Each structure stands twice: as C-alpha cells, then as structure tokens.
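Protein sequences, first through last, are from chains A and U.
Heads up, the first sequence is in the working numbering, so the first residue is 1126 and it goes up one at a time.
Heads up, the second sequence is in the working numbering, so the first residue is 1126 and it goes up one at a time.
Honestly, the hints are just simulated from the structure, not real lab data.
Accuracy of the hints is not assured; some may be wrong.
Which copy is meant is left open, because identical chains are indistinguishable; a pair holds if it fits in one copy or across any two.
Unchecked claim - Straight-line Cα separation of at most 30 Å, DSS-like style, residue types lysine-lysine; simulated pairs:
1) Lys1437 / Lys1227
2) Lys1501 / Lys1354
3) Lys1337 / Lys1204
4) Lys1343 / Lys1501
5) Lys1128 / Lys1359
6) Lys1227 / Lys1337
7) Lys1219 / Lys1128
8) Lys1354 / Lys1128
9) Lys1406 / Lys1129
10) Lys1354 / Lys1457
11) Lys1406 / Lys1497
12) Lys1171 / Lys1359
13) Lys1204 / Lys1340
14) Lys1246 / Lys1359
15) Lys1204 / Lys1339
16) Lys1227 / Lys1406
17) Lys1359 / Lys1204
18) Lys1437 / Lys1359
19) Lys1340 / Lys1227
20) Lys1438 / Lys1204
21) Lys1219 / Lys1343
22) Lys1497 / Lys1280
23) Lys1457 / Lys1300
24) Lys1219 / Lys1359
25) Lys1359 / Lys1129
26) Lys1240 / Lys1438
27) Lys1354 / Lys1129
As the structure is a prediction and not an experimental result, all values here were calculated from the model.
2 protein chains.
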Amino acid sequence: MIKKRIMAPGPTEVPPEVLAAGGQPILHHRTPEFRAIFAEVCEEIKYVFQTSQPVLTLAAGGTGGMEAIVVNLSAPGEKVLVISGGVFGERWAKIAEALERKVVRISVEYGKAVKPEDVQKALTDNPDAVLLCGTLSETSTGAQHPIKEIAALTKSTNTLFAVDAISGLVACVFKMDEWSVDAVVSGTQKGLMMPPGLALIALSERALATVKSKKTSKFYWSFESALSKLTEEKLPDTPWTPNVSLVRQLQVSLQLIHAEGIENIWKRHELLAHATREAMKALRLTLFSDAPSVSVTSVHSPTGIDSGDIVKKMRAEWGISIVGGQGSMLGKVFRIGHLGYCDRTDVLMTVAALECVLSQLGVPITMGEGVKAAQKVFLS
Amino acid sequence: MIKKRIMAPGPTEVPPEVLAAGGQPILHHRTPEFRAIFAEVCEEIKYVFQTSQPVLTLAAGGTGGMEAIVVNLSAPGEKVLVISGGVFGERWAKIAEALERKVVRISVEYGKAVKPEDVQKALTDNPDAVLLCGTLSETSTGAQHPIKEIAALTKSTNTLFAVDAISGLVACVFKMDEWSVDAVVSGTQKGLMMPPGLALIALSERALATVKSKKTSKFYWSFESALSKLTEEKLPDTPWTPNVSLVRQLQVSLQLIHAEGIENIWKRHELLAHATREAMKALRLTLFSDAPSVSVTSVHSPTGIDSGDIVKKMRAEWGISIVGGQGSMLGKVFRIGHLGYCDRTDVLMTVAALECVLSQLGVPITMGEGVKAAQKVFLS
Chain A
1126 MIKKRIMAPG PTEVPPEVLA AGGQPILHHR TPEFRAIFAE VCEEIKYVFQ TSQPVLTLAA
1186 GGTGGMEAIV VNLSAPGEKV LVISGGVFGE RWAKIAEALE RKVVRISVEY GKAVKPEDVQ
1246 KALTDNPDAV LLCGTLSETS TGAQHPIKEI AALTKSTNTL FAVDAISGLV ACVFKMDEWS
1306 VDAVVSGTQK GLMMPPGLAL IALSERALAT VKSKKTSKFY WSFESALSKL TEEKLPDTPW
1366 TPNVSLVRQL QVSLQLIHAE GIENIWKRHE LLAHATREAM KALRLTLFSD APSVSVTSVH
1426 SPTGIDSGDI VKKMRAEWGI SIVGGQGSML GKVFRIGHLG YCDRTDVLMT VAALECVLSQ
1486 LGVPITMGEG VKAAQKVFLS
Chain U
1126 MIKKRIMAPG PTEVPPEVLA AGGQPILHHR TPEFRAIFAE VCEEIKYVFQ TSQPVLTLAA
1186 GGTGGMEAIV VNLSAPGEKV LVISGGVFGE RWAKIAEALE RKVVRISVEY GKAVKPEDVQ
1246 KALTDNPDAV LLCGTLSETS TGAQHPIKEI AALTKSTNTL FAVDAISGLV ACVFKMDEWS
1306 VDAVVSGTQK GLMMPPGLAL IALSERALAT VKSKKTSKFY WSFESALSKL TEEKLPDTPW
1366 TPNVSLVRQL QVSLQLIHAE GIENIWKRHE LLAHATREAM KALRLTLFSD APSVSVTSVH
1426 SPTGIDSGDI VKKMRAEWGI SIVGGQGSML GKVFRIGHLG YCDRTDVLMT VAALECVLSQ
1486 LGVPITMGEG VKAAQKVFLS
C-alpha cells in the first residue's frame, strides 16, 4: 500500500470534513436552505481576506478570477502595470495583453521579491496606469512579494492595486483592509483546503467605485451583476448558477479556519516553511528564492539531476506529489508545498522520503540530516 | 422528517455513486492518475454529445461556456443571430451584445418553438452572420426547439450554429455530428446528474477552423489554449487547474450513462415528460408550451394563484424543489423538472404532492386524477 499524499502548492489535500461536505446531496440554489449557507459563506469569507468589504464568488478557476479583475478594473487601451517575477506574475501580463490592455512590466529576477522602490519608480513613471497587478506568493519561484509595502505606495495614487493571492491567502500574513489593497483574488484549492473551482474576489471601496464607473465589455465576469445579486435581497445570491457543492465545502472549510484562528494558521505556515527550508539547507540543497514564501519551498535540483526525476520517484515510490519547475525552471527546481491542510508530520515524512529519493539518485547526502533539522525547528 | 428532493430543471439530484466520487480525496492534476481519469472523461463525454469531435472542459458555469463560444466564434462588430424565445435564448443575445457583437434576434413567442422557416428567413436576410445561437431546451418556458431542422439550414451557409444544450443534453434526443451542429455547450448540473461547475463544449470541424483563424481578445476562454492542451501530449490536460473533484464525478456519471445507454435515457425522459404532462392536463391545468421539452414541464398557474405560492408550499410542506417563472413569467407559471437522475416514482410523488398543495390553495381539482393519469402512462 502506498498512500497518496499531496505536498504540492495546490491543489492541496482536503480535510475529511470538507470532502464529506462535497459528497452531500445537492441543494437547489434558489432555496432558503442554500441561500442561508451562501449568506454564511459570504460573511465568513471576509475573515480570511481580513476585510469588511464584499467578497464575490465566481464559478471559475483562479485564472478566471484574475481575468475578471482585469476586465472590470481596466479598459482596452488603458495602462496596466504588472509585477512579473514568475509564471503567475507573468500570467497577469498575458491576460492583460490578450485583452488589449497596454502592459508595462516591472520585471523581477526569478526567485527574488520585487523591490518596493522599483514599484515606486514604475508608479511615478506611469501615473496614467489604472491598475497594478502583483502576486502574494509566486508559486512558480517560491518567492513572497512585499504586498504591504507596495499597497502603501499605490494608496496615494490613482492606480488600483490588484493582488493574486491564489496560493498565498490563508497561508501568508495578509490584511486587505489594513494594508489598503484594492482587489484580491483567491482560489479554493490552496489555503482554503478545498477542491478547485471557485474564484473569490474582494474589492475595496475605490475598486467598487471603478467597477461602477468603468464601462467595459463583459458578461460572465461582470462584478456589477455579481454585486447586485449579493446585496439586493435579504439573502445573497449569484447571477449564474453557483457551484453548490463547493459552496457547501467552503462553509465547512471556513468553520475549520475560524476554529483554528487565522493568526494561528499564519504561524503554522511560517513554522512548516521554516522547518522545510532548514531541512533543505541541512541536506546542502540551495533554495531557489531568497525571499521564500510560507506556501511553498522551491529548491534547486542537485547538480546533474533533472528535478523531474525527483518528482517522479517521490510520487511513484512514496506516493507524495511534489512538483517540478515551470517555464524556464523546468527540470531545474523542485517545489514542496506546505499550505492548507498540512501539518508537521507531513513535513517530516516528506523530508524523510526526499532523503531516500535523493540517495537513490546518487546525490551525496547524509541520511537523516534533513529530518533532524526539521525536528529541531519543531521542538524549539 | 421531510426529505429534500429536487424536481427542478437543474441543479438536479445527483446519484449516490456520483456524490461519493465528489467526496474522494483530491488527486493532483498533473499526476498520471488524474490525467488517466481526465483522458477517460474526454473520450467518454463524446458519447453524450453524439460526436467524434473534441469536447473541452472549462471550469465555469454554463453561462461562462456560452460566453466562451461567442468569444471564440465571433469578433466584436460581427453579426450574430440569436433565437430568442425565453430567458436562455435571450441570454445569448445579452452576452453577444455585452461583448459588442451585432445581434439580430429571431424573436419567438414565449412558450413556442422557433419555426425553421423563420430561421431560414433570418439566414437569407443576414448572409454575413457568422454565428447563429439557439437553445435545445428553453428551460424558462419549457419549450424544445427543432435543432435538427435548424442545423440542416445552417449547414450549407457560412453561419456557424451554436446550441445551448445546458439543460437539454442527455435528456433530449441530440446528435451533434449527424445533425451538423457546430458548437454545443452543456453544464454538469442537468442531464449529467452532477453538481454545477463545469462547462463542456464540443466543436465541429468548421468551428475548429474558425477557432484557429479568428483572432479575438481572449485568455481564460481561449479554445485554442484548451485544444492544444487536450491534444498535444500523450494524455489530455487543461491550460488552467481543472476542477479535479467534478472531473472525478463526471467519470462516474458517464459510466452510469453508458450503462443505461443514451437511447434508453432519451426514452426515459420522454416517458417522464409525457406522464407529467398528462397529469397536468388531468388536473385541468394548462401547459405553458405547445412544444414541450422532455427536460421540464412548464405549467400556467391556476387563475388567481401566484405560482410562487405553489413553489413555496411544495418545498416547505413536501420537501420538493420545483421552480416558478422567470422574467415576464414570474408568478405566472410553475415548472417541474424531470431530467437527469429522475425516475417514475419521482414523478408520481411530485404529482401527488402537487395535488395536495393545489387543494390547500383552494384550486378546484379532483384529488388523485393527476396521479392516475401518470400511472396510466407508466402502465401502458
């Protein structure tokens, strides 16, 4: 028997209670029963964004949510700044370009976090930019960007700040209202410990004002449609059929998150990330990022080893799904996710299995050194 | 105890086997295990569309799938013909208008099916139309449109024919390849007996050629991206994270559909629809549509009765979710869905409960007459 385990930066494992909710019978979405659940979800989800603003629920993947933000907060021909330091930062740029926005990139070396002064320069050079798009946790490189510092810069400009917090939310410290972030998108298959399929979008007061005033071509992605259904009646509703099962699962995952407490969850992620990094260093491996995210640890593959071989052996022999590199990092890095439904034993077992795999691949490591380093973090 | 039952035209009830699949642990979407499931789904789904063409799986609601068709098969400023005979026909028009296509409506009186000669006239008058959008089963009115006859008309023109088969697929007889339909969109929460959340899109050869040649602004909805991932490697993949749980559920629902056989499923729907209609007539109620769909029966509310009251009592006192009227039909019709995971006993119980509700509301009916009519259909 080889149990299947996920230590990838999403989709992550899902707690049994949340899985069970996914197997519940369908409620018709126009019934008071379902709308009461949806009302609870719409209210409680604010906690994970640390906002008092409305949070929209779209039946779409996270990329769809990113597209929706671009569609609602900018118009074709308008200038959009993009912090591009990995596949997901670059995704903002690709979406905006595909939709005929004028994209100005703030290019960041892969693995690095963007420097706030580079963002400041871009904002100063481009006062006509209507939107700045960034990434909380850049899953492809394992870097975490200084969202708080960037939001402090955009706050006093006319440029709205949109953050892809798809893999970062619930894991990384994130305070939308306190930091003055204008638009945040997340998905369900990461920190929220659920299957993929919902895009969750929170909007600041000034983002809401832009949604109202900016007339762009849209239908399915229309925030105005979604907002009107969210607020017009006694119980919130959606313009199109919501993903009933995922909403039920979200209700349960939010209950779990409330029970643990967001500050405790942030601390747990910090701890798991710290232990993982220490284990990698103890195995004389090099982290890919010098601003490592608490969601994912990206590691240079040892010299002469295709990281894909590590990933394959981890899955085939140990049942553990970690992931390799994307884009230009293909074959060169492997990435261990430690977010969502993930605890200390998951990290210990992953490090131990990784030691076996590296050893079998002929990498000169001392067995047990990685595990010891992680144990030390957990016991300190 | 009042069991909750759905007799709405979607979301429909979900078989226990399919619910259970929704509660299965997450598989990472880049693993051979998941991709083997996805490969099976991509192949087997063709059966329900009756096509040998590729079927795309988008993480979105059905409306998102409709938007994707408009986005990929027409460009802003181009002419799109829309058969508008209800809320969902009109939705095509609203999407196309929102996305700056030039919409020409083929207006159909609510409750009627479009006349092929009216479509022929529109095609002749608008040879520059790149797309004709129609609806297989117009859920809002309960009418079923003659898709086969319309496809025979568009086949010899340069106008592609797109069909919203969201609530019609699997229920109504539908043969994409044999009839020469160019683009078909369906959802999962209807005939496929699943929770909502996936848009399934099948494309004819000439639709695929248009996808390649038409350069329009798109990203998340790009059929080219989805097609390249579907076909480029040994096992099919998706450009964005797929809805893993729904794909697993689709695997199971397709197995059930194959086991029953699509012709048998079509016959079952015909039978359930026939029995429901006969029951309504026996209760001296009037059907809203003279071309009634096999997915849903739409019924005029008895004089002086708000159909919303019938819907509320059915749910509150009998646990059965039927639905009222949409748009201009609000309060005036009630609709009984009999599609997907639905059998003869569901119809019998619904008719019996409806008799009780109508009686309590003071409608002069003879108790048992509706049930008797349905029984007669089932025993003949």
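Hints, one by one, checked against the model:
Taking identical chains as interchangeable, the C-alpha atoms of Lys1437 and Lys1227 are never at most 30 Å apart, the minima being 40 Å within one chain and 51 Å between chains. Taking identical chains as interchangeable, the C-alpha atoms of Lys1501 and Lys1354 are never at most 30 Å apart, the minima being 51 Å within one chain and 44 Å between chains. Proximity of Lys1337 and Lys1204 under a CA criterion of 30 Å is satisfied in both settings, with 19 Å inside one chain copy and 28 Å between copies. Proximity of Lys1343 to Lys1501 under the C-alpha cut-off of 30 Å is found in neither arrangement, the shortest distances being 53 Å within a copy and 50 Å between copies.
For the homomeric pair Lys1128 and Lys1359, the shortest alpha-carbon distance between copies (26 Å) is at most 30 Å, but the shortest distance inside one copy (46 Å) is not. Taking CA atoms no more than 30 Å apart as the test, Lys1227 paired with Lys1337 passes in both settings, with 22 Å inside one copy and 24 Å between copies. Taking CA atoms no more than 30 Å apart as the test, Lys1219 paired with Lys1128 passes in neither setting, with 38 Å inside one copy and 49 Å between copies. In this assembly of identical chains, Lys1354 and Lys1128 lie within 30 Å of each other by CA distance solely across copies; the values are 29 Å between and 43 Å within a copy.
Taking the shortest Cα distances, Lys1406 and Lys1129 sit within 30 Å of each other inside one copy (26 Å), while across copies they are farther apart (56 Å). In the homo-oligomer, the alpha carbons of Lys1354 and Lys1457 lie at most 30 Å apart only across protomers (23 Å), although the nearest pairing inside one protomer, at 47 Å, exceeds that limit. Taking the closest pair of Cα atoms, Lys1406 and Lys1497 come within 30 Å of each other only inside a single copy of the chain (11 Å); across copies the shortest separation is 77 Å, beyond that limit. With identical chains, the CA atoms of Lys1171 and Lys1359 are at most 30 Å apart within one copy only, with a shortest distance of 18 Å there and 42 Å across copies.
With identical chains, the CA atoms of Lys1204 and Lys1340 are at most 30 Å apart both within one copy (16 Å) and between copies (22 Å). In this assembly of identical chains, Lys1246 and Lys1359 lie within 30 Å of each other by CA distance neither inside one copy nor across copies; the values are 46 Å within and 46 Å between. Taking identical chains as interchangeable, the C-alpha atoms of Lys1204 and Lys1339 lie at most 30 Å apart whether they share a chain (14 Å) or sit on different chains (25 Å). Taking the shortest Cα distances, Lys1227 and Lys1406 never come within 30 Å of each other, neither inside one copy (42 Å) nor across copies (61 Å).
In this homomeric assembly, Lys1359 and Lys1204 never come within 30 Å of each other (Cα to Cα): the closest approach is 38 Å inside a single copy and 40 Å across copies. In the homo-oligomer, the alpha carbons of Lys1437 and Lys1359 lie at most 30 Å apart only across protomers (17 Å), although the nearest pairing inside one protomer, at 51 Å, exceeds that limit. Proximity of Lys1340 and Lys1227 under a CA criterion of 30 Å is satisfied in both settings, with 17 Å inside one chain copy and 18 Å between copies. When the C-alpha separation of Lys1438 and Lys1204 is checked against a cutoff of 30 Å, the pair qualifies neither within a copy, at 45 Å, nor between copies, at 54 Å.
For a Cα distance limit of 30 Å, the shortest separation of Lys1219 from Lys1343 qualifies both inside one copy, at 18 Å, and across copies, at 10 Å. Proximity of Lys1497 and Lys1280 under a CA criterion of 30 Å is satisfied in neither setting, with 45 Å inside one chain copy and 69 Å between copies. Neither within a single protomer nor between protomers do Lys1457 and Lys1300 lie at most 30 Å apart by alpha-carbon distance, with minima of 34 Å and 48 Å respectively. For the homomeric pair Lys1219 and Lys1359, the shortest alpha-carbon distance between copies (26 Å) is at most 30 Å, but the shortest distance inside one copy (39 Å) is not.
Taking CA atoms no more than 30 Å apart as the test, Lys1359 paired with Lys1129 passes between copies only; the shortest distance there is 23 Å, against 44 Å inside one copy. Taking the shortest Cα distances, Lys1240 and Lys1438 never come within 30 Å of each other, neither inside one copy (37 Å) nor across copies (61 Å). Only between protomers do Lys1354 and Lys1129 lie at most 30 Å apart by alpha-carbon distance; the minimum there is 25 Å, versus 40 Å within a single protomer.
Hint compliance for this structure: hints 1, 2, 4, 7, 14, 16, 17, 20, 22, 23 and 26 are not met, and every other hint is.
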